[in-house]
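Q: Under my numbering, read the sequence shown as residues 1 to 318, first letter to last.
Treat the hints with caution; some may be incorrect.
Distance condition first, Cα-Cα at most 25 Å in a straight line; then the derived SDA-like pairs of lysine to any residue [unchecked claim]:
no.	residue 1	residue 2
1	Lys-159	Trp-211
2	Lys-156	Ala-225
3	Lys-156	Trp-211
4	Lys-119	Leu-104
5	Lys-156	Val-142
6	Lys-119	Ala-207
7	Lys-119	Ala-189
8	Lys-159	Arg-171
9	Lys-159	Ser-115
10	Lys-159	Arg-290
11	Lys-156	Asp-223
12	Lys-159	His-219
13	Lys-159	Arg-235
14	Lys-156	Asp-216
15	Lys-159	Val-30
16	Lys-156	His-270
17	Lys-159	Val-260
18	Lys-159	Arg-236
19	Lys-119	Leu-178
20	Lys-156	Ser-214
21	Lys-119	Arg-208
22	Lys-159	Ser-214
23	Lys-159	Asp-223
24	Lys-159	Leu-146
25	Lys-156	Ala-174
26	Lys-159	Trp-215
27	Lys-159	Glu-145
28	Lys-156	Leu-141
29	Lys-159	Asn-295
30	Lys-159	Phe-69
31	Lys-156	Leu-103
32	Lys-156	Lys-119
33	Lys-156	Val-66
34	Lys-119	Leu-188
35	Lys-119	Ala-175
36	Lys-119	Ser-39
37	Lys-159	Gln-289
38	Lys-159	Leu-103
I should point out that these hints are in silico values taken from the structure, not numbers from a laboratory.
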Amino acid sequence: MNLDDLSDDPDHDLHSPAERAAAASRSTWVSVAVNLVLSITQIAVGIVARSQALIADGLHSLSDLVADFVVLLASHHSQKDADADHPYGHQRFETAASLVLGLLLLAVGAGMLWSAARKLESPETIETVQVMALWVAGAALVGKELLFRYMLAVAKRVKSSMLVANAWHARSDAASSLVVGIGIIGNLAGYPILDPIAAAIVGFMVARMGWSFSWDALHDLMDRAIDEQEVEAIRRTLAETPGVRNVHDVRTRKMGDLIVVDAHIEVDAHISVEAGHDIAVAARQRVLQRHRVLNLMTHVDPWHRPDLDHARPGPGSH
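Sequences and hints are given; from them, build the entire structure.
A: The following block contains the structure:
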């Protein structure tokens, strides 16, 4: 799921920063409890049962604990009010958290790949695992899938891309537990090399998802625009405002899960400045009410007149 799947929905009630922070806190503490139990169990049983794949999966669960606390920290900071240094608020703490989550996954995945590669270089050192490892891998698979479904439902309800990232982090854990289970079954069936191969596959999956989250968050921090469908919805809301004759140059950038918009609206050239200002205020209010827009800056242009904002200065112009 792409983080942009949290599309604009005028019929969906917008949640306040406090409500979104509370939802993030509740779901993340559930994740903390689940990952704490799983990581301890997987690593302990993996050592006893001699399963490198199960140990790798346990380390993955352990990394989730760190990720959960990153989410809690970002959720706390992102709900702070705007101040002199951050006039648009602190919503990008969530984007920064998604970047940290991605980098953490990337590092954990690379470590798993390295460890598995060393085992595969010396296949004679691979031991046969004990059957208890398979039961733990199955229990981890069920637990992580249920955690994913719960966290994704919360993320969609409050429209939080940070929670979506954390939910899909849990889904990657469920997928990794499935691969680990298959590797353990192969090991028990007489193919010991399948256990480190499973560990390597888990490492690749974790690293790939880490790269995806990091890349998306990095682009958002560089003021990436929202998708064209949502831009068109905002443009339509502006154009339908009484007094607005046309709309152009609608530009957007993400601010966490909210949007900052700049737009040029065209009004009748013969009305007063005060009337044009009132139309711009009405257009702004309509957008803020109907879309997940944090702020809209409008520029009023005369309808059917040249827009000199884009004209190149002629010779001798200053």
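Q: Each hint needs a verdict: does it hold in this structure or not?
A: Checked hints:
Taking the CA atoms of Lys-159 and Trp-211, the gap is about 22 Å. The hint holds against a cut of 25 Å. Of the pairs offered as hints, the one joining Lys-156 and Ala-225 holds, with about 21 Å between alpha carbons and a cut-off of 25 Å not exceeded. For a cut-off of 25 Å, the pair hint linking Lys-156 to Trp-211 stands: about 23 Å separates their Cα positions. Distance restraint check for Lys-119 and Leu-104: the Cα-Cα separation of roughly 23 Å lies within the 25 Å cut-off, and the hinted pair is therefore satisfied.
Of the supplied pair hints, the one linking Lys-156 and Val-142 holds, its CA atoms being roughly 22 Å apart against a limit of 25 Å. Between Lys-119 and Ala-207 the CA atoms are separated by roughly 19 Å; this keeps the pair inside 25 Å, and the hint holds. Between Lys-119 and Ala-189, the direct Cα distance comes to roughly 19 Å. Compliance with the 25 Å bound is thereby established for this hinted pair. At roughly 18 Å between alpha-carbon atoms, Lys-159 and Arg-171 fall within 25 Å of each other, so this suggested pair holds.
For the given pair, Lys-159 sits about 38 Å from Ser-115 by alpha-carbon distance, which is inconsistent with the 25 Å threshold. The hinted pair formed by Lys-159 and Arg-290 meets the criterion: a straight-line CA distance of about 15 Å does not exceed 25 Å. Straight-line distance between C-alpha atoms of Lys-156 and Asp-223 comes to about 23 Å, which keeps the hinted pair within the 25 Å bound. Proposed proximity of Lys-159 and His-219 is supported: the alpha carbons are some 19 Å apart, at most 25 Å.
Among the hinted pairs, Lys-159 with Arg-235 is consistent with the structure: their alpha-carbon atoms are about 21 Å apart, no more than 25 Å. For the proposed pair Lys-156 and Asp-216, the alpha carbon gap of about 18 Å is at most 25 Å, so the pair holds. With a C-alpha separation of about 19 Å, the suggested pair Lys-159 and Val-30 falls inside the 25 Å cut-off, and the hint holds. Of the pairs offered as hints, the one joining Lys-156 and His-270 is violated, with about 46 Å between alpha carbons and a cut-off of 25 Å exceeded.
Of the pairs offered as hints, the one joining Lys-159 and Val-260 holds, with about 16 Å between alpha carbons and a cut-off of 25 Å not exceeded. This hinted pair checks out: Lys-159 and Arg-236 have alpha carbons roughly 22 Å apart, not beyond 25 Å. Restraint check for Lys-119 and Leu-178: satisfied, since their Cα atoms lie roughly 21 Å apart, inside the 25 Å limit. A hinted pair counts as satisfied when its Cα atoms are at most 25 Å apart, and Lys-156 with Ser-214 qualifies at roughly 21 Å.
Proposed proximity of Lys-119 and Arg-208 is supported: the alpha carbons are some 21 Å apart, at most 25 Å. At most 25 Å may separate the alpha-carbon atoms for a hinted pair to count; Lys-159 and Ser-214 meet this at roughly 19 Å. Pair hint Lys-159 plus Asp-223 holds up; C-alpha atoms about 19 Å apart against a cutoff of 25 Å. The suggested pairing of Lys-159 with Leu-146 holds, with an alpha-carbon distance near 20 Å, which does not exceed 25 Å.
A C-alpha spacing of about 20 Å is found between Lys-156 and Ala-174, which places the hinted pair at or below 25 Å, so the restraint holds. Between Lys-159 and Trp-215 the alpha-carbon distance is near 20 Å, which keeps this suggested pair within the 25 Å criterion. Distance restraint check for Lys-159 and Glu-145: the Cα-Cα separation of roughly 20 Å lies within the 25 Å cut-off, and the hinted pair is therefore satisfied. Distance restraint check for Lys-156 and Leu-141: the Cα-Cα separation of roughly 23 Å lies within the 25 Å cut-off, and the hinted pair is therefore satisfied.
Using a Cα cut-off of 25 Å, the hinted pair Lys-159 and Asn-295 holds, with the two alpha carbons roughly 18 Å apart. A C-alpha spacing of about 20 Å is found between Lys-159 and Phe-69, which places the hinted pair at or below 25 Å, so the restraint holds. Between Lys-156 and Leu-103 the CA atoms are separated by roughly 24 Å; this keeps the pair inside 25 Å, and the hint holds. The straight-line distance between the Cα atoms of Lys-156 and Lys-119 is roughly 41 Å, outside the 25 Å bound, and the hint therefore fails.
Proposed proximity of Lys-156 and Val-66 is supported: the alpha carbons are some 23 Å apart, at most 25 Å. A C-alpha spacing of about 17 Å is found between Lys-119 and Leu-188, which places the hinted pair at or below 25 Å, so the restraint holds. At most 25 Å may separate the alpha-carbon atoms for a hinted pair to count; Lys-119 and Ala-175 meet this at roughly 22 Å. Straight-line distance between C-alpha atoms of Lys-119 and Ser-39 comes to about 22 Å, which keeps the hinted pair within the 25 Å bound.
The suggested pairing of Lys-159 with Gln-289 holds, with an alpha-carbon distance near 16 Å, which does not exceed 25 Å. At most 25 Å may separate the alpha-carbon atoms for a hinted pair to count; Lys-159 and Leu-103 meet this at roughly 23 Å.
Checked against the numbered hints above, the structure breaks hints 9, 16, 32 and satisfies the rest.
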